[in-house]
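Undergrad: The chain contents come next:
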Amino acid sequence: MIRLAGVEKKFGKQPVLQGVDLAIPAGKLTTIIGGSGSGKSVLLKHMIGLIQPDRGQVWVGDVEISRLSGKRLNDVRKPFAMLFQGAALFDSLSVFENVAFPLREKLRIKGPEVAQRVEERLEQVGLAGMGHKFPAELSGGMRKRAGLARALVMEPEIILFDEPTTGLDPLLAKSIHDLIVTMQRRFGFTAVMVSHEIPEIFGISDWVAMLRNGKIVLMATAAEFQRTTDPEILEFISVGGTLALPGSSAG
Amino acid sequence: MHVIEQLGQWAVSRVQEMGRMLMFMLSAFAWLVRPPFRFYQTMKQLHFIGYKSTFVIVLTAGFTGMVLALQGYYTLRKFGSEGLLGSAVALSMIRELGPVLAALMVTARAGSAMTAEIGIMRITEQIDALDTMAINPLQYLIAPKLVASVIGVPLLVAIFDVVGIYGGSLVGVDLLGVSEGAYWNSILSAVEWKDVYGGILKSFCFGLIISWVCCYKGFNTNQSAEGLGRATTEAVVLSSVLILVSDYFLTSVLL
Chain A
1 MIRLAGVEKK FGKQPVLQGV DLAIPAGKLT TIIGGSGSGK SVLLKHMIGL IQPDRGQVWV
61 GDVEISRLSG KRLNDVRKPF AMLFQGAALF DSLSVFENVA FPLREKLRIK GPEVAQRVEE
121 RLEQVGLAGM GHKFPAELSG GMRKRAGLAR ALVMEPEIIL FDEPTTGLDP LLAKSIHDLI
181 VTMQRRFGFT AVMVSHEIPE IFGISDWVAM LRNGKIVLMA TAAEFQRTTD PEILEFISVG
241 GTLALPGSSA G
Chain B
1 MHVIEQLGQW AVSRVQEMGR MLMFMLSAFA WLVRPPFRFY QTMKQLHFIG YKSTFVIVLT
61 AGFTGMVLAL QGYYTLRKFG SEGLLGSAVA LSMIRELGPV LAALMVTARA GSAMTAEIGI
121 MRITEQIDAL DTMAINPLQY LIAPKLVASV IGVPLLVAIF DVVGIYGGSL VGVDLLGVSE
181 GAYWNSILSA VEWKDVYGGI LKSFCFGLII SWVCCYKGFN TNQSAEGLGR ATTEAVVLSS
241 VLILVSDYFL TSVLL
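The listed protein sequences correspond, in order, to chains A and B.
Mapped onto our numbering, the consecutive letters of the first sequence carry residue numbers 1 to 251.
Mapped onto our numbering, the consecutive letters of the second sequence carry residue numbers 1 to 255.
These are computed hints drawn from the structure, not numbers from a lab.
Don't take each hint at face value.
[Said to hold, decoys possible] On the chain A side, residues computed to face chain B include the following (Cβ under 10 Å):
#1 L50
#2 G70
#3 V76
#4 K78
#5 A151
#6 E155
#7 G167
#8 L168
Virtual Cβ for every residue (Gly too), placed ideally from N, Cα, C.
Sequences and hints are given; from them, build the entire structure.
TA: Below, the structure is given as structure tokens:
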């Protein structure tokens with residue numbers, strides 16, 4: 001469904017992606033892991049055309065999007081939704097209006113149908129009755145949930161999650177992960193998630209890809225990934241796993 | 001050689017920046033004429049740029065007219081021409097001070113807020129969120145601000161002119177004793193239609209400059225609080241400088 005071939009990207013003189021080859025399976029939850037600053041979010045933004053590669057190709061279905069702009073790029077983006085790291089809710093709109101926004105702006109739906117679909121999504125993410133609140137009045141976890149409701153309301157075919165649990169405590173992080181998995185299983189959309197949450201992501205992902213030195217060094221099912229013999233990958237996932245153990249964190 | 005090279009690079013980067021600014025404005029206008037039309041957004045911006053600037057415009061206009069009358073009275077009295085005070089105040093307000101001071105006040109109040117608002121939306125990925133929803137940010141965010149500013153600033157300038165002339169009357173007629181009839185008659189005989197439309201034409205241009213520069217700077221903010229502060233400062237300084245520079249050229253064409 002989404003395929004990247006030889007994608008390279010530099011910011012100034014700093015190379016971030018150095019020939020990424022990656023195919024995202026349709027209808028599955030794929031997680032991209034890698035060290036901080038390794039370019040995971042940059043990679044994710046290439047998939048929806050928010051960043052254009054210096055070299056290489058990005059395919060969404062049959063369309064190569066790396067040089068598209070304007071209306072043609074907007075057409076490609078129609079089946080997408082994205083949950084940003086900080087949820088990216090519109091400050092000036094209430095939670096209800098945020099979730100209703102894509103319905104009103106993209107589908108031009110008005111009246112009671114909007115209210116019905118928004119309330120349904122808010123209930124699914126555990127924010128029933130919170131529609132009147134503004135983003136500034138919500139906790140980090142609630143903002144992520146509202147962002148997820150906004151991403152789900154259009155019933156997209158593909159959802160990109162940019163570090164959806166960063167900055168949340170372990171319980172909240174688990175609840176967000178559970179929510180993503182539940183929704184993905186229920187609606188069957190293609191999910192691509194960038195995350196640091198090792199080992200939790202092995203329990204929820206269908207596929208895991210690791211980005212290192214600007215390249216995908218391993219893409220495998222979650223079970224196969226954990227059986228790798230590559231010492232650097234092993235070190236990364238074992239240190240991540242140790243740090244993620246309850247009680248071991250200094251913070 | 002090294003200095004010349006650096007100078008050349010600086011010049012090229014300035015030209016590129018000007019090109020990007022121009023393309024930004026043209027793209028926003030191109031999106032403006034494509035459906036869906038953002039009538040509600042435009043009204044909301046008109047309320048923010050126009051209505052919410054009224055108080056500060058009335059305040060500055062009143063005191064500008066008053067100080068003009070005060071200065072003008074003592075200068076004209078030397079020549080025994082106090083009766084021309086009304087025309088001196090009105091022509092200064094309508095031709096120059098109204099458009100320029102109102103535009104500078106709108107830059108300070110609404111322009112800086114535009115840059116900060118768009119800049120925060122950029123930093124918190126709200127603009128990227130619009131993109132991912134296949135909603136063009138230039139159409140949704142920028143075009144309504146451009147239209148509202150081009151409509152709002154001339155209306156504010158009209159208010160500035162009227163309040164300024166009444167401020168002048170308050171000081172000239174009520175405090176300094178200039179004849180009321182002389183004050184208003186000198187305005188009627190001195191002010192021509194050319195003066196009025198010249199001022200309004202200037203205010204259209206200033207309205208465009210404010211929203212164009214302030215939106216561009218906010219839209220291209222660096223991803224940091226420091227970058228946002230710098231963008232806001234640059235927006236206010238560049239808008240103010242462009243208003244004053246373009247005022248000279250517009251005046252030289254209109255006279």
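Undergrad: With reference to the structure, classify each hint as holding or not holding.
TA: So, going through the hints one by one against the coordinates:
The interface hint given for L50/A is met, as the beta carbon of that residue sits about 5 Å from the closest beta carbon of chain B, less than 10 Å. The beta carbon of G70/A is positioned within 10 Å of a beta carbon in chain B (closest approach about 8 Å), and the interface hint is therefore held. A hinted interface residue such as V76/A counts as satisfied when its beta carbon comes closer than 10 Å to some beta carbon of chain B; here the least separation is about 9 Å, so the hint holds. The interface hint given for K78/A is met, as the beta carbon of that residue sits about 6 Å from the closest beta carbon of chain B, less than 10 Å.
Residue-level restraint check for A151/A holds (minimum Cβ-Cβ distance to chain B is 9 Å; threshold 10 Å). Proximity of E155/A to chain B is violated relative to the hint, the smallest CB-CB distance being about 14 Å (cut-off 10 Å). Hint status for G167/A: violated, given a least beta-carbon distance of 14 Å to chain B, over 10 Å. Using the Cβ-Cβ criterion of 10 Å, the hint placing L168/A at the interface with chain B is not satisfied: the shortest such distance is roughly 17 Å.
Checked against the numbered hints above, the structure violates hints 6, 7, 8; every other hint is satisfied.
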